[in-house]
Amino acid sequence: MYKARTAWLFLIPTGVLLLTFSIIPAIAALGLSFTNYNVFQPIEWVGIENFSRAFSDEDFWNALWNTFYYWILVTPALIVIPVFLAILVNQQLMGIKVYRLIFYFPALVSVVVTAILWTWMFKSDGLFNAALHSVGINPVDWLTDKFTAMPSLAIVTVWQGLGYYMLFYLAGLQSVSKDLYEAAELDGAGFWAKHIYITFPSLKPIIFFVTVISTMSAFKEFTLMLTMTAGGPIGSTTTLVYMIFEKAFTDLEMGYASAVSTILFVIILILTLINKRALDTTQQ
Amino acid sequence: MELKTVELQPKIQVKKSRKLSLKHRRNLLRWGISYTLLTLLAVVTIMPFLWTVSTSLKGQNETIFSYPPNFIPENLTFENFVTVWNTLNLPLYLWNSVVLSFWGVLLPLFFCSLAAFPLARMNFKGKNLVFMTILATMMIPGEVTMIPVYLTISKLGLIGTYSGVILPGVVSAFAIFLMRQAFIAIPKELDESAIIDGANAWQIWWHILLPMVKPMLATLAILKFIGAWNNFLWPLLILEDSSMYPLTVGLYELKGTFVSNTRLIAAGALIALIPILIVFIAFQSYFIKSAYSSAVKG
Chain A
1 MYKARTAWLF
11 LIPTGVLLLT
21 FSIIPAIAAL
31 GLSFTNYNVF
41 QPIEWVGIEN
51 FSRAFSDEDF
61 WNALWNTFYY
71 WILVTPALIV
81 IPVFLAILVN
91 QQLMGIKVYR
101 LIFYFPALVS
111 VVVTAILWTW
121 MFKSDGLFNA
131 ALHSVGINPV
141 DWLTDKFTAM
151 PSLAIVTVWQ
161 GLGYYMLFYL
171 AGLQSVSKDL
181 YEAAELDGAG
191 FWAKHIYITF
201 PSLKPIIFFV
211 TVISTMSAFK
221 EFTLMLTMTA
231 GGPIGSTTTL
241 VYMIFEKAFT
251 DLEMGYASAV
261 STILFVIILI
271 LTLINKRALD
281 TTQQ
Chain B
1 MELKTVELQP
11 KIQVKKSRKL
21 SLKHRRNLLR
31 WGISYTLLTL
41 LAVVTIMPFL
51 WTVSTSLKGQ
61 NETIFSYPPN
71 FIPENLTFEN
81 FVTVWNTLNL
91 PLYLWNSVVL
101 SFWGVLLPLF
111 FCSLAAFPLA
121 RMNFKGKNLV
131 FMTILATMMI
141 PGEVTMIPVY
151 LTISKLGLIG
161 TYSGVILPGV
171 VSAFAIFLMR
181 QAFIAIPKEL
191 DESAIIDGAN
201 AWQIWWHILL
211 PMVKPMLATL
221 AILKFIGAWN
231 NFLWPLLILE
241 DSSMYPLTVG
251 LYELKGTFVS
261 NTRLIAAGAL
271 IALIPILIVF
281 IAFQSYFIKS
291 AYSSAVKG
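In order, the protein sequences belong to chains A and B.
Take full-length UniProt numbering: the last position of the first sequence gets the number 284, and nothing is skipped along the way.
Take full-length UniProt numbering: the last position of the second sequence gets the number 298, and nothing is skipped along the way.
Only chain B is shown next, with the shape it has when bound in the complex (with noise of 0.2 Å):
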């Protein structure tokens, strides 16, 4: 008896340290895998910017385009960059997407959260109506619009300027829904306290409920941004002077004008494509919320 419960006990012990180690194995094939397709679809999704990259930073003399490719540069130089900064005005363009940035960004949150105010704060009569007939421009594209908007900007004499190029994009139906969401979370009471202390609307909204909805606004901060910096056929559009042209357009006229000069528009695109870059990695937990107040709507 005692011996055969000695027997027993190691092989318990056996059967069970197997056990674990199978799962243990199962594990570590599931983490092969993963890792596997994960670095495939990444090395896939920026082979794109390596090869620019790599572009940028080729010489003259050296081919861009060979068979197997050529990831390499054989004589680094940063001469590319220097040309297409000194020769195309770069800073200018640069500074031109920053400036139509800037409004592209602080407009709309101004406006937008304005309008989302009495929609989710106050009782009026046809507050139901304005609510839907805003929600309803949802539906109207963009693009089937452009004629008016095109002869209104016109007739209102802002071609060639960027009043032209912003006002368009400043009230955008998704952004008052969004603002008026962020409000409706606010308990009522703070608003009934502020007015007993003699507080009025615009002291309530400008100094009680927009701090208050700070993570809302960066959120919508970050959505305009990528729509304003990247904003194309607007400026296309409206601008004339091409001393007023922001980053995106600047590029456009680049790869007509360089069209054999494979080297400076990679360069080109690669400062492009650095603010966004820097913005993204610095706000990136807000990027992520941004798509996911976006489905909100779905």
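Okay, chain A solo, but in the shape it has when bound (with noise of 0.2 Å):
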């Protein structure tokens, strides 16, 4: 029907921008993290010396534990506390469009304007201490004590991803049939379980979609990292991709930097390999 030669006018464009700015970035990364590349000098190999520099380096490993630090307090809130919203905002309620259009709309706030709000929430004379001074708490500096500093950050996160991912298993809900429900209560199965037995199970690929892209947004996050503490204080919210932004852009290492990203994306897709083998499984 249509020619051969049609098909790839079409592709070209789109092939030529995929290639410049995705496929060969991808290889040029895994090839700039054997070179010693910092702008000024000639590119030249090193070999594996960025990686077994990275190994070696203080900074790489508290960054390493800061991105999975921020992963583990950010991402079960966000599988979790969703479903439970999901279910709320799921009834037949008057207004309850309203109420989902409020929690979605923290997910479309730019992260400058996030890092604004909430730096005000966290000062030590701020809403959150107001709060905790109402029930008896003393104030915390919240972004600047390098213990709180990340819970915090955390804190923003969950504000802002939990309207986004009520909305998938809002969606998930809607297409769980009436009529198992019904079955339920006929058998006088009551609240929990109704959920336990029928809500859950049925939400499983959507649990398994929201930790995947949770793991993957908070691998990947950083701008609230630059915006709200710049990294610190003393390295305590510096997270790899953190540490990458920094080591390319300011010190202008670039071929260690690309070493770090090259680990990063090995460590996402392990976790998402075992994720979905962990998925595989429960669903066998």
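Wrong hints could be hidden among the right ones.
[As the list claims (entries may be wrong)] Pulled a few chain A residues facing chain B out of the computed Cβ check, cut under 10 Å:
1) LEU73
2) PHE103
3) TYR104
These are calculated hints, taken from the structure and not from any lab test.
Note that beta-carbon positions come from the ideal geometry of N, C-alpha and C, so glycine has one too.
Build the complex: two chains, separate frames, hints provided.
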């Protein structure tokens, strides 16, 4: 019906862009990992030097730990809480659409605006401490204390993500057959029984999806760290991507930064494969 | 006998109505709990916004941080908005954001649906390989390729230009995938009859297929708009001249220069929020749909 030549004509413009900004850069990132490229001097091949440097670099281990720490704080909350939020907004109530929109809105706010809003929430005389004060807890300097800085960023991430992931679960809930619930009710199932035996099992694919997506975004997040804490205090919010950004664009150590990118890519790949394997076995 | 039945009748009715009221009461309780929880969560969600609105409306002499927090300004004033608008060139930042978002929506829509067309409706050698390669690029996070892409932009001489900001985001595997799904759903006979009528491939794509996938285009446009409007890192890296900054980067600078003047930053942050709030309210159903269709790939 169509000539093969026509197909390629349609694919060429996109193909060129995809090669230039995605496929070749991916290969180049791997290639740069084995060089000492620093913008000023000619590129030199240094073998695995960058990788061995990373594994003996305290800053790298710190960034790796911070990345996992942030992930552990954020991902379970973003997998579990939105389920209950979705159950809550899946009821037939007056004005429920307005509630859904309110919960979803933070997901649309740019990181810079989010950073501005929440920096004030976390100030020593900000709203957060005012709320704690009313229950008799002493004020904390959330963003400048090395123990509370990362949990504070995690709170912001959860605030922003709840409504976003709620929508996926909501889509899942609405595709569950109502007959199942009616049958369960006839059998005398209560609120919890209905959800444990019907809702959660049928949401399994969505739970997997949310796990993968929130894991990926947790490992990639760094604009919050850049705008709210600038990686501090004392490197306590310097994650892997933040470290890559700093090494590449402040210190101009492009080769070393690329090596860290490559390690990050491998970590993300492994986590995704684990996630997928976990789902495959639970579905069998 | 007769007396007995007369007596029984009201008894049954009483029992029935009591049962109804029990169910009714349980429903009321459920509504009560639901609304309380929903409202509580909604308040927590919008608290930062409320506080910003209140701060931006406060006069210079009013305290901002106090215990207990004071949400209602004593002297309501719009002075902060006027000041920030005049001193910071916010109209320019706003315009830059509009320009960047316009191209950041239009170009991806055009190029991704262009590539999706042959992948959905033509048969040619190597099609599967091309499609699998495109899907595979979804696995490469942008953060990993950040350095080579920056170097490429620099080699192309595009540092300090809008093209340098926009071009890396034009083609995404996910957008191609969504458009392909939309095209596949259209019956193939349409193309056949159009060819018999003498239409060429370009005409079929532009005049027949694209108008039929308008809902998907709108969904994709919304997704791309959020991304382009909120884009922060690329403009920060690529642009050098502050007169070219979009709102996000402008606001980041503002945060640095006006550290002490919380009221002005609050006003600036709200001005940056308004456009996305308007778009969100106007196209809310598309926003929900776009989130749903993002779940498709899972």
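These are the hints, each one checked on the structure:
1. Residue-level restraint check for LEU73(A) is violated (minimum Cβ-Cβ distance to chain B is 18 Å; threshold 10 Å).
2. At about 6 Å, the closest approach between the beta carbon of PHE103(A) and any beta carbon in chain B falls short of 10 Å, and the interface hint on this residue holds.
3. With a least beta-carbon distance of about 7 Å to chain B, the hint placing TYR104(A) at the interface is held under the 10 Å criterion.
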